[in-house]
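J.: For the sequence shown, our numbering assigns the number 14 to the initial residue and increments by one for each residue that follows.
Rather than coming from a laboratory, the hints here were simulated on the basis of the structure.
Just to be clear, a hint being listed does not mean it is correct.
[What the hints assert, rightly or not] Between beta-carbon pairs, the in silico distance windows are: (1) Glu264 - His85: 33 to 43 Å; (2) Ser279 - Asp103: 10 to 20 Å; (3) Ser72 - Gly255: 21 to 31 Å; (4) Leu75 - Ala258: 25 to 35 Å.
[Stated by the list, open to error] Calculated lysine to any residue pairs in the SDA-like style (CA-CA distance at most 25 Å, straight line): (5) Lys167 - Met310; (6) Lys167 - Glu309; (7) Lys167 - Val259.
In this text the structure is predicted, and so the values were computed from the model without any measurement.
Glycine included, C-beta positions come from ideal geometry on N, C-alpha and C.
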Amino acid sequence: MFLSSSGGVGATVLTALCAWHLTMRNRTCALVDADFTAGGMDVTLGIETEPGMRWSSVSAPLGRIEPRSLLHELPEWEETVVLAADPWNDLAPDWWEVDAAMRALTEACEIVLVDGGHADSEHTLRMHAGVRVVVVELSVLGLARARGLLMRLKESRGSGGGKHGGGRHGGGNRGGGGRGSGGHGSGGRHGGGGGNGRSGPSGGARHGGSRPGGAGNAVGLAGADITTLLVGIKPASAPRSGVVAVEEAEEYLGSPLIAVFTHDRSISKSVLSGTGIPSVPRRYRRSLDALCDRLEMECRNE
Numbered sequence: 014m015f016l017s018s019s020g021g022v023g024a025t026v027l028t029a030l031c032a033w034h035l036t037m038r039n040r041t042c043a044l045v046d047a048d049f050t051a052g053g054m055d056v057t058l059g060i061e062t063e064p065g066m067r068w069s070s071v072s073a074p075l076g077r078i079e080p081r082s083l084l085h086e087l088p089e090w091e092e093t094v095v096l097a098a099d100p101w102n103d104l105a106p107d108w109w110e111v112d113a114a115m116r117a118l119t120e121a122c123e124i125v126l127v128d129g130g131h132a133d134s135e136h137t138l139r140m141h142a143g144v145r146v147v148v149v150e151l152s153v154l155g156l157a158r159a160r161g162l163l164m165r166l167k168e169s170r171g172s173g174g175g176k177h178g179g180g181r182h183g184g185g186n187r188g189g190g191g192r193g194s195g196g197h198g199s200g201g202r203h204g205g206g207g208g209n210g211r212s213g214p215s216g217g218a219r220h221g222g223s224r225p226g227g228a229g230n231a232v233g234l235a236g237a238d239i240t241t242l243l244v245g246i247k248p249a250s251a252p253r254s255g256v257v258a259v260e261e262a263e264e265y266l267g268s269p270l271i272a273v274f275t276h277d278r279s280i281s282k283s284v285l286s287g288t289g290i291p292s293v294p295r296r297y298r299r300s301l302d303a304l305c306d307r308l309e310m311e312c313r314n315e
């Protein structure tokens, strides 16, 4: 599951690029939009006019959806099926619908990549994930928000299942969402490391392009059974003095960044014009390799 505490940093695009990259490695993938508040993954990808099922159409009265049937109903983007959220058409799906859809996709596909947005809903926080990828904006505010998100994830794991409401059918819902993952399935391992006691990151810039991260340990803040990987995104249109150095970000968050990406203007222009993601930028490929290698490794370890 891909999460970000800062809006507009490109978490949805990064989730899609990882799916595209993994598909080119001959892995069967699914993209799931679990940002039930904002939604719009299909719009970002430029396939909003394509026929097919969105979350508002998902129905699982008996708690199960036939995997092949679901794949047949979903629109495709770059040989990857997409289950997008469309909150303007209906309320968020209920837990049993999320659970049924996610189980169907994990049965039918090797890797399910979930865009969890800002993790600001109980649906998202309680959704099971094999691995979490936290997208961090490399700014002072972005790092502070990322640290807050990591603490929220830790608290959500420590508080157990619980009940939550807000589904389209109303009433209290249990907290056992689908097995959405940055990889697939549930469980996973955790790495070492954790936040330190510093009050906040300071400025300082370096690294002009994207770079793959070192091996390192994954941050352990999100719970004892879920690996959390950190990915850095340099803020768009920021002067060099406004970008926090990679080493300082890693020290503040207590874990290495698996990969660092720079803002790509061609993708932003294409997405804003409604034509989707035109291609995988050449300068992203090393960083995507590093991130996708880790995702595949976590899948194998489940």
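J.: Check the hint pairing lysine 167 with glutamate 309 against an upper bound of 25 Å on the C-alpha distance.
T.: holds, 24 Å
J.: Does the Cβ-Cβ separation between leucine 75 and alanine 258 fall within 25 to 35 Å?
T.: violated, 53 Å
J.: Between the beta carbons of serine 72 and glycine 255, is the distance compatible with 21 to 31 Å?
T.: Check failed, 47 Å falls outside 21 to 31 Å.
J.: Is the straight-line distance between the alpha-carbon of lysine 167 and that of valine 259 25 Å or less?
T.: Holds. Lysine 167 to valine 259 sits at ~23 Å (cutoff 25 Å).
J.: Sort out whether methionine 310 lies within 25 Å of lysine 167, counting only the CA atoms.
T.: holds, 23 Å
J.: Given a hinted range of 10 to 20 Å, is it respected by the beta-carbon distance of serine 279 and aspartate 103?
T.: Taking Cβ atoms as reference, serine 279 and aspartate 103 lie about 34 Å apart, which means the hint is violated.
J.: The hint says 33 to 43 Å between glutamate 264 and histidine 85; measuring C-beta to C-beta, is that right?
T.: violated, 49 Å
When held up to the earlier numbered hints, the structure conflicts with 1, 2, 3, 4 and fits the remainder.
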